[in-house]
Amino acid sequence: MGLLELLHISIIVLYGLGTVLFLTGIGTSNDRLKKIAIWLAVGGFFTHSLDLAWVLVRDPAALNAGKFYFNILAWSVLALYFFLWWRLRLEFLAITALPLALLLFVASMAVGGIRILMPPELTALFFGLHIGSLILTMGVLIMAFGAGIAFLHFNRKLKTKAGLSKMGSDIPSLDKFDRVNRWAVMLGFPLYTLGLFSTFFWYWVTPDKQFAWDIMKIGSLAVWFLYAFLFHQRVVLGWRGRKPAILTLWVFAGMCISLIHHTITFRALP
Amino acid sequence: MNRKIILLGLNHRTAGVDVREKFALTDIEHFEKGLMAHCPVHECMCLSTCNRVEIVAVAKRVPEREVLDSLLEYWAGVCKGDPSLLVENTYQYVDLEAVQHLFTVACSLDSMIMGEPQILGQLKDAYRKAVDQGAAKTIVNRLLHKSFSVAKRVRTETAIASSAVSISFAAVELAKKIFGDLEGTSAMMVGAGEMAELAVTHLRQNGVKDIIIANRTLSRAKELAESLGGEAIQIESMVDRLHEVDIVISSTGSPVAVIKAKDVKAALKRRKNKPQFLIDIAVPRDIDPNINQLDNVYLYDIDDLKEVVEVNMAQRQEEANKARAVVELETQTFSNWLNSLELQPTIVDLVDKNEEVAFRELSKTLRKIGPVDDKTRAALETLVLSVGKKCLHEPICFLKRRTQEEGSAERFIDLARRMFNLDDEVVPNSAHLNRKSQTCAPEDIDKLIDASKNKEQ
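Those protein sequence lines, which keep their order, are chains B and A. First residue of the first sequence? That's 1 in my numbering, and the numbers climb one at a time after it. First residue of the second sequence? That's 1 in my numbering, and the numbers climb one at a time after it.
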């Protein structure tokens with residue numbers, strides 16, 4: 001077994017153990033388990049960063065492989081989680097971040113055979129603008145997805161006054177979940193816009209490339225419109241709480257469908 | 001047990017408020033000093049709160065009854081009360097029961113509101129005073145430190161204190177679930193009910209910054225505003241100010257709703273949908289119940305809050321069973337430590353006897369070999385003492401282990417004392433003939449050792 005495989009197994013084990021321990025910690029209200037889980041995630045994240053750096057140093061062409069994007073998406077989910085944890089003390093969101101990081105990392109192992117063809121001189125630009133911003137948007141939306149589900153669940157409990165005793169003191173407040181949603185909108189929408197419109201720019205600068213509308217592009221644009229609506233309602237009309245939480249779930253679902261569609265389409269390319 | 005731990009006390013269950021008032025200890029420092037001077041106790045510590053008085057003492061080697069009586073008499077004397085009244089209203093625990101009771105008190109399992117955190121702080125203060133007075137020594141020190149660690153363990157391992165069990169605390173807890181940190185939030189008190197006042201006080205303690213008090217009588221509102229630190233307004237202008245506050249607590253005597261859905265809807269619009277928490281403690285209700293249908297508004301009436309409190313109470317009862325199991329386990333651990341204390345005099349006697357034999361044999365040897373210089377003499381002394389200590393190592397370890405087993409300390413200590421003849425026991429003249437005929441002269445023992453060794457070879 002090579003060092004790279006060993007690193008991959010370590011990442012899966014650390015994320016996997018972190019996920020199991022965090023879920024057990026939540027179920028049994030055991031703070032120590034949760035703390036151990038977070039430290040395992042930190043360990044996994046560190047190993048993951050090493051792995052990514054090593055892959056890029058060894059073979060810069062890895063940027064062209066589809067599996068690399070899933071890998072970096074898993075990494076950015078955790079990076080955003082740690083950011084939210086630092087800013088809002090939102091340890092609770094590990095409930096979404098850890099399993100999804102594990103899932104995306106495992107998916108990056110499984111998804112092979114996709115090659116994204118880029119003109120070599122534009123690789124850095126394309127990666128920075130298009131893929132980088134879309135991956136960050138997805139990471140932000142994953143966090144907002146977790147926060148949205150939690151908001152709706154606990155909001156319902158507080159409204160109906162049912163099962164309040166199960167809402168322990170370690171559960172973050174509704175306001176914190178709503179702040180994650182706000183960040184997801186304020187940060188995610190400009191990023192998504194940048195990511196999406198950089199594609200058109202790419203078509204424009206690349207010789208022999210003709211822009212044509214297809215179902216993939218229309219789908220991405222539809223998600224953008226939905227996201228733009230959410231952005232408008234939240235920023236201009238001051239939407240808060242339940243409505244933006246629901247709309248964020250729809251945007252996230254749209255992004256997931258679009259991502260899966262992209263993966264399938266690129267897989268089918270020669 | 002060498003020194004008995006005695007606990008004498010009264011609480012809200014054993015004594016009414018008049019008795020508790022009468023026998024409350026107002027000057028703990030002098031009381032402890034007096035106890036040490038007038039009662040047969042080695043150490044003591046006293047705790048006096050509005051709900052209980054606990055006197056923990058470690059008795060001298062006198063009968064238990066005598067210690068208890070002297071404690072009761074002294075206590076009654078200090079409080080100028082009747083000792084018989086005190087006897088009727090107090091409980092008395094000895095040794096492990098006393099330990100268990102103190103642990104139960106520290107964990108707040110014996111409190112009027114189970115799980116409340118104040119008692120631990122009060123116990124810590126009482127202990128600090130006892131330490132300052134020099135009344136707390138080995139056993140009380142260990143007992144109190146153990147109580148604190150048991151209380152901490154109970155708080156960490158059970159959910160005994162995790163939920164609110166009073167209406168006002170429940171309101172604060174719910175507000176925290178909505179807003180998180182209450183630092184910088186604002187509240188409005190509509191009406192001047194006592195319960196609302198209490199809730200506002202709790203909110204203020206939890207960081208609520210601005211408070212508006214709206215009342216029909218402005219003078220009463222101003223009075224409250226002065227004591228709570230807020231702004232007083234007429235109830236008529238309440239609706240216009242509704243959008244400024246995050247939390248509203250209403251308790252007017254109005255027969256109709258004073259806060260209507262349209263008022264809150266308008267306030268929400270002006271607040272840009274910032275959440276609002278409304279608490280209606282009044283009966284009949286002050287706030288239109290339909291308000292709860294609005295997004296970002298959370299309305300709780302008195303029944304909802306009561307339900308929250310009842311569920312929390314039931315949860316605490318369940319947790320109390322877990323906590324009691326922890327207390328029992330920790331009492332057992334403490335009992336092991338107490339048992340190990342009983343062994344200390346035996347260890348001292350064993351070592352003394354050992355040193356005596358070592359020096360005796362050394363002087364015999366020195367007489368035989370003639371005069372030696374000081375350096376050689378010191379080396380020989382070290383040698384005999386260290387051989388003696390090494391020989392005692394295993395028996396002491398054995399005794400330490402065995403005395404930690406439940407109920408076996410006394411038997412093994414007695415056996416060791418007799419085996420090493422630590423009490424210089426002589427065979428009485430009236431002893432059985434068989435026992436008398438067994439001689440233990442040194443030459444007989446030497447012969448026995450030689451014979452046994454030869455047989456073995």
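Please keep in mind that the hints were generated in silico from the structure rather than gathered at the bench. Accuracy of the hints is not assured; some may be wrong.
Example chain A residues on the side facing chain B (calculated, C-beta under 8 Å, incomplete) [what the hints assert, rightly or not]:
#1 Ile178
#2 Asn296
#3 Ala378
Rough simulated footprint, nothing fancy, chain B against chain A, three-plus residues with beta-carbon under 8 Å [unchecked claim]:
#4 272-280
#5 297-309
All C-beta atoms, glycine included, are put in the ideal place defined by N, C-alpha and C.
Evaluated hints:
no.	hint	in the structure
1	Ile178	5 Å, holds
2	Asn296	5 Å, holds
3	Ala378	55 Å, violated
4	272-280	holds (count 4)
5	297-309	holds (count 5)
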